[in-house]
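Asker: Since the structure of chain A is already known, use the hints to place chain B with the ligand on it.
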Amino acid sequence: MTTATTSVEISYLEAISQALDEEMARDERVFLMGEDIGAYGGAFKITEGFLQKYGEWRVLDTPLAESGFVGAAIGAAMMGLRPVVEMQFADFISCAFDQITEVAAKNHYRWGAAVPMVIRAPFGGGVHGGPFHSECPEGWFFHSPGLKLVAPSTPYDAKGLLKAAIRDPNPVIYFEHKFLYRRIKATLPQHDYIVPIGKADVKRAGNDISVITYGAMVHLALEAAQLLAQEGIDLDVVDLRTLIPLDKETVYGSVRKTGKAILLHEDNKTGGIGAEVAALLAEECFDCLDGPIVRIAPPDTPVPFSTPLEEFFLPKTGDIVEAARKLAAY
Amino acid sequence: MDIEMVSQHIKRADLLQMYYYLLLTRSLEDRITALYRQGRIVGGCYTSHGMEAIAVGYASAIERDDVIAPFHRDMGAFLIRGITPGEVLAQYLGKRTGPTKGKDGNVHMGDLKRGVLGFVSHLADNLPVATGAALAFKIRGESRVVVAGTGDGGTSRGDFHEAMNFAAVRKLPVVFFCNNNQYAYSTPQRLQMAITDVVDRAMAYGMPGEIVDGNDVAAVYLASKRAAARARAGEGPTFLEFKTMRMHGHSEHDAAKYVPHELLEEWKAKDPILKAERLLTQLGYGDEGYFQEVADRAKKEVEAGLEFADHSPLPEGREVLEGVFASEEEVQS
Ligand SMILES: Cc1ncc(C[n+]2csc(CCOP(=O)(O)OP(=O)(O)O)c2C)c(N)n1
Numbered sequence: 291m292t293t294a295t296t297s298v299e300i301s302y303l304e305a306i307s308q309a310l311d312e313e314m315a316r317d318e319r320v321f322l323m324g325e326d327i328g329a330y331g332g333a334f335k336i337t338e339g340f341l342q343k344y345g346e347w348r349v350l351d352t353p354l355a356e357s358g359f360v361g362a363a364i365g366a367a368m369m370g371l372r373p374v375v376e377m378q379f380a381d382f383i384s385c386a387f388d389q390i391t392e393v394a395a396k397n398h399y400r401w402g403a404a405v406p407m408v409i410r411a412p413f414g415g416g417v418h419g420g421p422f423h424s425e426c427p428e429g430w431f432f433h434s435p436g437l438k439l440v441a442p443s444t445p446y447d448a449k450g451l452l453k454a455a456i457r458d459p460n461p462v463i464y465f466e467h468k469f470l471y472r473r474i475k476a477t478l479p480q481h482d483y484i485v486p487i488g489k490a491d492v493k494r495a496g497n498d499i500s501v502i503t504y505g506a507m508v509h510l511a512l513e514a515a516q517l518l519a520q521e522g523i524d525l526d527v528v529d530l531r532t533l534i535p536l537d538k539e540t541v542y543g544s545v546r547k548t549g550k551a552i553l554l555h556e557d558n559k560t561g562g563i564g565a566e567v568a569a570l571l572a573e574e575c576f577d578c579l580d581g582p583i584v585r586i587a588p589p590d591t592p593v594p595f596s597t598p599l600e601e602f603f604l605p606k607t608g609d610i611v612e613a614a615r616k617l618a619a620y
Numbered sequence: 388m389d390i391e392m393v394s395q396h397i398k399r400a401d402l403l404q405m406y407y408y409l410l411l412t413r414s415l416e417d418r419i420t421a422l423y424r425q426g427r428i429v430g431g432c433y434t435s436h437g438m439e440a441i442a443v444g445y446a447s448a449i450e451r452d453d454v455i456a457p458f459h460r461d462m463g464a465f466l467i468r469g470i471t472p473g474e475v476l477a478q479y480l481g482k483r484t485g486p487t488k489g490k491d492g493n494v495h496m497g498d499l500k501r502g503v504l505g506f507v508s509h510l511a512d513n514l515p516v517a518t519g520a521a522l523a524f525k526i527r528g529e530s531r532v533v534v535a536g537t538g539d540g541g542t543s544r545g546d547f548h549e550a551m552n553f554a555a556v557r558k559l560p561v562v563f564f565c566n567n568n569q570y571a572y573s574t575p576q577r578l579q580m581a582i583t584d585v586v587d588r589a590m591a592y593g594m595p596g597e598i599v600d601g602n603d604v605a606a607v608y609l610a611s612k613r614a615a616a617r618a619r620a621g622e623g624p625t626f627l628e629f630k631t632m633r634m635h636g637h638s639e640h641d642a643a644k645y646v647p648h649e650l651l652e653e654w655k656a657k658d659p660i661l662k663a664e665r666l667l668t669q670l671g672y673g674d675e676g677y678f679q680e681v682a683d684r685a686k687k688e689v690e691a692g693l694e695f696a697d698h699s700p701l702p703e704g705r706e707v708l709e710g711v712f713a714s715e716e717e718v719q720s
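Those protein sequence lines, which keep their order, are chains A and B. Just so you know, this note's numbering puts 391 at position 101 of the first sequence, and the rest follows in order with no gaps. Just so you know, this note's numbering puts 445 at position 58 of the second sequence, and the rest follows in order with no gaps.
Simulated from the structure, these hints should not be mistaken for lab results. We treat Cβ as the ideally placed atom computed from N, Cα and C, and that holds for glycine. Please note: incorrect hints may appear among the correct ones.
Pairwise CB distance ranges (calculated) [what the hints assert, rightly or not]:
hint: 1; chain 1: B; residue 1: F712; chain 2: A; residue 2: E573; range: 31 to 39 Å
hint: 2; chain 1: B; residue 1: E709; chain 2: A; residue 2: K538; range: 47 to 55 Å
hint: 3; chain 1: B; residue 1: K500; chain 2: A; residue 2: E318; range: 51 to 59 Å
hint: 4; chain 1: A; residue 1: G522; chain 2: B; residue 2: V711; range: 38 to 46 Å
hint: 5; chain 1: B; residue 1: L499; chain 2: A; residue 2: K606; range: 30 to 38 Å
hint: 6; chain 1: A; residue 1: L570; chain 2: B; residue 2: L499; range: 57 to 65 Å
hint: 7; chain 1: A; residue 1: G581; chain 2: B; residue 2: V711; range: 53 to 61 Å
hint: 8; chain 1: B; residue 1: P700; chain 2: A; residue 2: R615; range: 31 to 39 Å
hint: 9; chain 1: B; residue 1: L499; chain 2: A; residue 2: E392; range: 39 to 47 Å
Chain A with its partners taken away, still in its complex shape (with noise of 0.2 Å):
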């Protein structure tokens, strides 16, 4: 297929505000609720002149109750709209935390009701943000059956994956990287398009190690690569995209190829992503692995606030090279 491309570049932050621009253009069901999304625009000016444009009924500033905001998401979900909330940063999501898990996730299963809704939330750290505005709170949902969740690394997967979080028939938490809003920019097709959930996609494709991570931690392993590069050692980047329903296939395929894994994310080590990622492999690719999986991943600590800490806390470049090279030797 061949795709129109405007020439301008856009922010991972624009990317989202053109989805939701573009589905709440198409689609009259679809509206946003959450705390000063209206006239100031979001905390992060997401929804800058949304206001006006769609008028109050359709972007809807909320009292600060997260758990009444999400409840009431829920309940016009299941009336046939199409809500999307934000959460001011995903640290507050825990404020809601009853509601998404206990209702939105089983709503469904229990009793056949559908929640298409999307929450929204602005995660990760690297932005002095403390213990309250840096977390990665998608391990707490990861373990909730029901929900969907997804975690774009690219202005073209933030556009891509929103709209179809939005098409979607079920409750997708959406994990947008707040370090990535002004940094990374790329020029997106000018036609509608969806990323499909469910679908990882290889950042670069490389025969020696594969490295299976999301977020911003993407872009670290993209880096990483270039400098392995020139020692010749050729890394394999899974951006997963979507956390659940994880795509299987896709890592299985990646690390039968290389036989080696390095598992990456910014959430803390015990019970994360890479931990259910590593036994799936341990399960189902045990025969062709060539090395032992490495986890790389921050201490299991809040995230701290001052830079030396924080520094200390993510992982880093250096830790994936260092990572990269013992494997090799394998």
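Answerer: Okay, now just chain B with the ligand, sitting in the frame of chain A:
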């Protein structure tokens, strides 16, 4: 505040002390804002500019072994509990000598030894916790109280309502307050709740409430004293609504264009420091010269604090691994 009332019920020394803390708060937060503008403070920077009387008033009205669960615009309360400007600045600069040793930033700090429950970003999260602290006092038969607050926005959260209800049912020694500064980030009160006075929320829990001029430190002090006395006497919680106005943006990055200019002008005239000075003048407790002297003293203390913070070390990276779990010795008795 009525002069008679003040002179009868507030000691001169206490009032002068409160005035000092108003200025110390203003001076410290102005310094923090300047550091933020210079890019030396990263992350969020929320101030209590124009609302200083609330924290100064309630924290002055309680006893040493009482406990507070302050809000993110309660700098004065941290100071009155003995967290020094130096420690505060160290906290903002991510230094090891701040109360969280660099683990957290800005007003996200606490210290059990000084009776301060550490602030949690998630608004109203600390209100049930404050209720639990009061429960411990009640169970042990102690005459201690807890003062716990949130903003008008924070009163929309379930945790606020759950805490109020539980405290009222068990007549726990808590004073709940709301600093009603009319905005929650960009959200005006009318989009937050369908009532004009937040205090109406108290009625539903069978709790007495009171509306107080939040810019009048004497009024805040006296209302807090009454509520604390009630709590200490075993009569249960009280809810105080401190009416005020947020004079800066939500955080220093926010120009707050959504706030009508006239509203700010109106409230500028009600500045808590001006109000306090008027009161002190009327009472004959102070004059221009004295005010200037106190302002200089506050400024000096802030500069000394900055010196301390500047000379404090940053934590080392691997200190991030420390402190996930507590040891037996650290448990409060
Ligand atoms: C549960 C939760 N959701 C969202 C936020 C983000 N946030 C921080 S302060 C704030 C507004 C607070 O308003 P209010 O309670 O009125 O206090 P004010 O800042 O006006 O003093 C918001 C939305 C938060 N801290 N906690």
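Asker: For each hint, tell me whether it holds in the structure or not.
Answerer: We went through each hint and held it up to the structure:
no.	hint	result
1	B:F712 to A:E573: 31 to 39 Å	holds, 32 Å
2	B:E709 to A:K538: 47 to 55 Å	violated, 38 Å
3	B:K500 to A:E318: 51 to 59 Å	holds, 58 Å
4	A:G522 to B:V711: 38 to 46 Å	holds, 40 Å
5	B:L499 to A:K606: 30 to 38 Å	holds, 35 Å
6	A:L570 to B:L499: 57 to 65 Å	violated, 44 Å
7	A:G581 to B:V711: 53 to 61 Å	violated, 30 Å
8	B:P700 to A:R615: 31 to 39 Å	holds, 33 Å
9	B:L499 to A:E392: 39 to 47 Å	violated, 33 Å
This entry does not satisfy hints 2, 6, 7 and 9, going by the numbered hints stated previously.
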